[in-house]
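**Student:** Sequence:
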Amino acid sequence: MKTMKQLLGNLMLSASMMLAVLPGVVSAQTPAEGDDKSRRSRAQQLMGATAPKLAELTDDVLYGDIWERPQLSKRDRSLITVAALIAMNRPDQLRSHLTIARQNGVTEDELIETITHLAFYAGWPSAVSAVAIAKDVFAGE
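Numbered by mature numbering (1 follows the signal peptide of the UniProt record, and there is no 0), the letters in the sequence shown go through residues -28 to -1, 1 to 113 in order.
No false leads were mixed into what you were given.
Simulated DEER-style distance windows between Cβ atoms: (1) Trp96 - Pro24: 35 to 45 Å; (2) Asp81 - Asp32: 27 to 37 Å; (3) Glu28 - Thr88: 30 to 40 Å; (4) Leu26 - Asn61: 14 to 24 Å; (5) Gly77 - Lys107: 14 to 24 Å; (6) Pro24 - Asp108: 27 to 37 Å; (7) Phe110 - Ser45: 19 to 29 Å.
Source of the hints: derived by calculation from the structure; they are not laboratory data. We put the CB at the ideal spot given by N, CA and C, even for glycine.
Required output: the full structure, derived from the provided sequences and hints.
**Tutor:** Quick look at the structure:
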């Protein structure tokens, strides 16, 4: 039987590719406003030159398929992603996903309760780190 860490690792295989804050409805398919370079997806901007296939898969599979499936709302997907990032101790991605979760309707209280709950499953250090990041995100940093 797989451990919780293995299950979360499998869950995050695709979800951890989501790396940056995107305005409005969260989708890597949504290009930024402006010139052609800024109109590329955030995944293309961050990874396209170095890992073009990963950027393509992020846009087409993760955002174009997984995040658009109707079985879970984007709000629920955001909460799941935040929980997985906390459990995996991924602070760089957590920062952007906390912001995305707020954009997708998850409240600050729900995020803090998620962190508190995960302290018992993912460990105190992961939760304490997540609280510090959440504090910055909530303050608008």
